[in-house]
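*Asks:* Residue numbers (our numbering), protein chains in the order written: chain U, 1 to 1022; chain H, 1 to 347; chain Z, 1 to 139; chain V, 1 to 322.
Careful: at least some of the hints might be erroneous.
Claimed, not checked - Simulated crosslink set (EDC-like; lysine to aspartate or glutamate; CA at most 20 angstroms straight-line):
(1) Lys945(U) with Glu968(U)
(2) Lys94(V) with Glu964(U)
(3) Lys133(Z) with Asp1012(U)
Claimed, not checked - Covered stretches of chain Z (chain U as the covering partner; in silico rule of three or more C-beta atoms under 8 angstroms from a C-beta of chain U):
(4) 67-73
(5) 79-92
Keep in mind the hints are simulated off the structure, nothing from the lab. C-beta: ideal position from N, C-alpha, C; glycine also.
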Amino acid sequence: MRENTARKSVLVLGAGIAGIQASLDLAEMGITVHLVEDTPTIGGRMPQLDKTFPTNDCSMCILSPKMSECIRHPLIKLHIMSSLEGISGEPGDLKCRVIERAKYVDPSKCVSCGLCEEKCPVKLDDVFDVSLRKTKAISRYFLQSIPSEYTIKREHCLYLTKGVCRLCEKVCPTGAIDYEDKDREIELNVGAVILATGIDPFDPISIGQYHYHSSVNVVTALEFERMLSASGPLGGHVVRASDGREPSTLAFIQCVGSRDSGINRNYCSSACCMFAIKQSIIAREHMKELKASIFYMDIRAFGKDFDKYYDKAENKYGVRFTRARVADIIELTDGSLELKYTFENGSIQREAFDMVVLSTGLQPRPETRGLAESLDLKLNDYGFFRSKTFLPLETSRPGVFVCGAANGPKDIPESVVSASGAVAEAAKYLELDRQDPATQEDAPPEQQVTGERPRVGVFVCHCGINIAGVVDVKDVAAMAEGLQNVEHSEDVVYACSTDCLEVIKQRIEEHGLNRVVVAACTPRTHEPLFRETINEAGLNPYLFEMANIRDQCSWAHMEEPELATSKSKDLVEMAVAKSRGLHPLERLPISIDPEALVIGGGLSGMTAALDLADAGHQVYLVEKEDELGGNMRDILFNFDGSDPQEFLGKTIERVQSHKGIRVLTGANIREVNGYVGNFSTLVEDGESRTETLTHGAVIVATGGIEHRTSEYLYGETTRVVTQTEFERMLKDETFPAGRLRNVVMVQCVGSREGERMYCSRVCCSKAVKNALELRKRRAGANIYMACRDIRTYGFSEEYYTELRDGGALVFRYKPDRKPEVELMSPGDPDSRVRVSMIDPVLEKEVVIDADLLVLATAIDAPEDNSVLAKMLKVPLNSDGMFLEAHVKLRPVDFATEGIFVCGLAHSPKDMNESLAQSMAAAARALTFLQKKTILADGTIAEVRKDRCSGCAYCEAVCAYSAIEIDPEEKVAVVNDALCKGCGACVASCRCGALDLRGFSNRQIHAVIGALDIEAVEGVTAT
Amino acid sequence: MVKLKKNELDRLICRLAGSYDVYAPVDIDGNVEFARVSSAEDMDQSRTVTNLSPKEIFFPKDEVLFEYDADGIRPADSMDRPIAVWGIRSCDTKSLMLLDKVFGSAIQMPKEERFQDPYWKKRYDGALLFGAACAEPLSTCFCNWFGGGPFATEGMDVHVTDIGDAFLLNPVTPRGEDYLESLDFTAEVSESDRKAAAEIAGSAEAVMSPPVPIDGLDQLLPGLFLQEEVWGEVSAACINCGACTFVCPTCHCFDMQDEGRNEKGRRLRVWDSCMFPIFTSEASGHNPRSLSRHRVRQRVMHKYSYYPVNYGEYLCTGCGRCITVCPVNVDIRRTLLKLMTHDGEDG
Amino acid sequence: MSEWQPRILAILCNWCSYAGADLAGVSRIQYPPSIRVIRVPCSGRVDQLFILKSLQSGFDGVLVSGCHPGDCHYISGNYVARRKFALLKPLLEFIGIEPDRVQFSWISAGEGERFAEVITKITEDVRKLGPSKRLVKKT
Amino acid sequence: MSVEKELRRTVKDLLEEGGIDLFIGWERGSLPTVASPLFITDPVDAERLIFDITCGSNPAVYFTKDRRQFDGRRVGVVLKGCDSRSMVLYIKEKQADRENVVMVGAQCNGVLDRGKVASAAGGREILELEDDGEKTVTLKGRDYEIAVERDSILSSSCLSCIHPDALECDHFIGEPRQSVTREQRLREVREFEALSSTERWERTRHEYEKCIRCYACRNVCPSCYCAVCFVDQNDPPWIGGTCEFTDSMIFHLVRNLHVAGRCVECGACARACPMDIDLLLLNRKVAMEVLERFNDEAGMDITAKPAMADFKEDEKQDFIMG
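Could you put together the complete structure from these sequences and hints?
*Replies:* Below, the structure written as structure tokens:
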């Protein structure tokens, strides 16, 4: 009995984006999640960011829906201001000791009015705004904190430390302050633990040469981010701290605290190059005249679509990229900063800048070490949780998984991928049952209102003095009383308080209300609560409307009480007008087939298939080649000496023997029909036999292919080979005859230029790996590497250092001056080649007679991606790779529900990254497959067939393929399962054949026409 | 009969304007239609057939029937002056008589149940109509099919003939006669005036093509009702633009529309057209005339069968406006001929 | 009331601009009490008729605001909307409607300050124009 | 060979062995100024076909009249440049199937504006019309005969036509014609734009106050084929049906926007308007914006998505508040 509950719950430590994602995925699979977070809010690092690369998406805009989803999910139990102190037991039955610290504010009473913070006399540096703003001892972590209730920092509270003050208690209108609150220790029994403890920025205070401690105009990247943020302390208006002047020149110094073995940071922080590029672009958008320069060693724009972003910064925003090391910074009298920097050739230059941004690297959080000790986990050399090759999301302790940047630097999508991936791994210790939300609704029977005349109840909230201090709420309530169809109107002190919610339910009963309007704060936070309340009283939850008279009225017009009151009246009248047209909406159940289709039998496809099959689902694994393995068959070594082929062999064996997996090799997808939960796919085998498979989800793992180059005399002599061929050569010891004196490697063959404006990501590490392997086997060989930027991101940096320390020579070439190659014995099929290139250090041409020239050729998208994309109705990016729903937060999903992507089909990535993404795709698919039904949203589009002329504009504008023209009837048909309710199709329908439930044309019309705007005569322009 | 010198016309108009709202043909941006005038100078009497018919004077394109609020219903502002029209042709005065049968007194009803539209009656009953003789009938004129002619006087109070330098004003009704008697600036009509008028009448008659006998059409049409093919044929070119119904002096279908919010608003009556797909769309969503041919059939049936069955004459005066205005040259005369000569067998 | 106060209809998308308006309030940034807000899921939901109808109903100005390009919660709703606005705005200007009466903006969930600026700007613009007359239906 | 002669021969061939079931063309009507559409199934009737200045309306509309009435039949149709664009639009908007339409383009020398012809004749009835095809059209009435400059009585849509020839067609008859330049086409728009805001408003008001809400413009418009026009819908009642100016104006504005990227500037609306409202000006303005902003012209490219069903991420957004 007890074991059962454990196996149905997971503890997630850390509520940043990775923790949130892991929690949501688990909860959607029916698992109870204990989300334990140290700070008073969920959100982690993302809320501190202004924009995100490479799309310049607003960080808060994309995060906040996930935050609210997380807080509202019934299966996610949030433990804020809490810490995990220890774990005992075995995987599947772990006992976790958690301490919840005292908050001193009763969250059930706090209404987040902010009076306490206003009155609190203790001013402190704000952590969220990296000390650029002051906060109080009682506060919210940041303005949009979730949960939104206030908490007291006990170490700063005057009463708690010195026994005096109690001001907050005096002003609190709801009596929420509780100085007697105590820390609590609880034990949670869970099946698995996922660590998502995140990462810290490097503190540059220790690096003297950058004068961070002494010059106020030298800031860290995170500080600069807060400056850029529109909701930050400077409102997005960047100024120098020294004189309040807007900078006109800006220098970014890269690798501050990264790639520096001197301070035990011999790894690349992976995200800082892109972060600096983003900041330079955003800063330039804020300040049109700004000249930004980035001082770097290598620009590591290795992610999907990153190089295009880099190119845009350089060529559209005029950002200057300078490959040089900054040796010193001197503060000038006017506060400007003179940089002394050294080029590769040793020459030194000095240049003054108005401001300097230190692109600080990422490092483990200080608590990590203590946590590792108390949880008995191993750390790597740099203090990150240690994971192993082939097991990228596991820690050293079974049943404890890690995601996000806690085991190595990651950007946002990688964190999200690892979070979902960790869920798939954790699932192995869990007991999964298929959920049926359609039957789980335990709401009271709903009152029938269709056909009844609207009977509207209006509740106008004081929100203490938040609204009532400005708006005459009694007057507003009285006005509402007089509106047509309003049966009842009253003002209430706190509409959201438990007792008031009861009042609302009573009034529904007393007055037979069938529509409820609450005039209070914002529906974005409170609509769900009120909907739930009226639902408890027997009304369909959609019969509710809110007028936002606090956030968008009383708080914004504090000096104009009369006008704020009349605005409130209008807003209430508009809400009542809308409410009259509200209809009960139903969330239709859509059944989900438990089977899954995985397209592609490489490592990614097999991993995803295994995770799904292990979770109890029948999987069809379709591979067009005759055998499984894909590109993995060509990976023959790993940095750490582990054997990829052994791993591959085991994986293939597991796949082939798994009874939940049916492997179809030599098979091609011919047709895909249906939608989430209900796909049917026509598969054709090598002998043209066809078969129709039905399944609930699809995972696309079609891989990539090695670019076929014609550059560098490839194909004209056996001595010019690709890295893949070279790897095989190393493994089989089939080198060309004679001594291997000189081996030259050329990077970026086909990548980062022309039609492939992307980095193939793995080639630098692969070249380093093979070079090190060569050195093992042919110690005497000279290794020369010609590259543009060396992109050995993350912990691969170590091996690059090792290679260079061992004497390999690295030359940097520019795309307009690539290495030149000539045959030394033309006509000889085994001719050696002479490679000439510019040595940027010596600034002269070097000529190498190479016994072997190894080309790092690009990873191409398979051409037939476009055929599959069309069948699945999912998009490709300009490089022909599958384009996910959102590059940041939905990295393995497609906009079309029920279809997921992983591995090289998504973008170039290495083996461990592919593994993590495949696990993530499996977990994301499980969030659907673990349900017998899903409920379509109530707010979706609907068609009036008699008005539809079948012009298909709706089909064209729908981002989710949720509406189509029926080929027989020739009218639009909405797929309830796929529709997200944005209404783009509705507004694009000239015929008025489409409408959006909950935001119908009729309702919006009524709102527009709700106010009687008296014609104003005799007033002219003022 | 009296004579009015052309230079005295303005005097007449001004005098009329003293107690009537006076309407006459006016050139508005190249379109000649009936509009309010205050002097003879505003008028353009050159057209035999105006672009728009004068029915709009008595049956506006849109009119507010009443306004309402929480306190009840208020009738729309009522006009207090009677209407006078100058220069209205016989096809149009005839059309007003046809419309009056509908709005003024529904004669198929028992007397006590007869509905009289107050909005129509208020305008039409007291109106004073100075009709104009047609000296130059057009090739599209076919009033003679319906018993009319260029010098017909039906529906007029005064019949006016332009004889060059003067108008001959001939009273048709007692109301017309009374008004003419009240004028002190008219002249005696001479024999040569009469002769001139007769000559004009004669040559006008001569221009008209001989009428096509359409007696019995109203009885014939119901038999064709279900013959889809013939309706398909006569409606093939029609693009249901509805322009014919808007310029027609006898079309009188209307739609009721309510405008308002909360507890106040108003009810309007606006012109409608049987050519529009929505015309017979029912609340259930069913539309018995969803196809073009059925709407064309409705227009023909209404004018040449249903109305005659109810009221004893065709709902068409042969003004020819629908022929002139049609962008695809659907000619009602050809349509009627086609239907009359149809062999009665479908397919 | 003494001075004429313009009334402006603001149609805001739920995920960005409406959230930006909330943030302005939470941050207690003050702006003129001129707007009346309609919340829609996405700027893509906005039919041009809503805007024209608002003017006809007597609003002195109309603001439609959505997510910045690339930020749309529904992937591309704001792009679909943008094409509609790109035509409506010049068309209204062409027929002689004062251009400042109908305005469009992108405001993100983080741009409370900007939301207040946009409202202040459109209010001042409309105040300069005086009460709307041209497309207002007189009944 | 004259255009008409070649047309007759082509149509006869098509009906005899070209695999079409029906051909839509024109014949002489009962008035000298307007031809009558002719629906032929018998090759013999090809002799009745004409193609001249009086073939004004857009025959593509028959494909949307009684929605998809020709389904199951292969239909040929003679098309002017604008007509062909409508046909292309229909194919893109799934109102017709390309394989079931035989598009016969014919050299278009413009079509008459009946309002202009009537004015040229001073309001007198026109009984005969002769077109020399180049400069002059002769009008004859009961007791007059006048020669008028051809351009002066052409539909203004023709005077500014930049695509007189059918682009997408299976047969083309006659010689391709020189078109006006884009700037000529937009002359009126530019001139109007140069006026002050108040003047533009006054003129617009003057024009649209004339509207009698007969919807002839909409009903003849090849791009207006909604089953129920928004203006006829009463749930919600989008817009009042009265002739009150703002009701009319908003109807026309929305119609303009509904045909944005879809209007082929055939001018049928303006010719059908019984009140002679200058309807084309706004359509042209919108078409100009569509071209400048979205680089699209209605019905020109059979493979491209219609402008309002499409978008580009990096589009000009000068109208967004800075």
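*Asks:* Next, verify each hint and record whether it holds.
*Replies:* Results for each hint:
Restraint check for Lys945(U) and Glu968(U): satisfied, since their Cα atoms lie roughly 13 angstroms apart, inside the 20 angstroms limit. A hinted pair counts as satisfied when its Cα atoms are at most 20 angstroms apart, and Lys94(V) with Glu964(U) qualifies at roughly 12 angstroms. The straight-line distance between the Cα atoms of Lys133(Z) and Asp1012(U) is roughly 15 angstroms, inside the 20 angstroms bound, and the hint therefore holds. Requiring three or more residues with a Cβ within less than 8 angstroms of a Cβ of chain U, the coverage given for the stretch 67-73 of chain Z holds, as 5 such residues are present.
Closer than 8 angstroms: that is the beta-carbon criterion, and the stretch 79-92 of chain Z has 3 residues meeting it against chain U, so the requirement of 3 holds.
Checked against the numbered hints listed earlier, the structure breaks none of them; every hint is satisfied.
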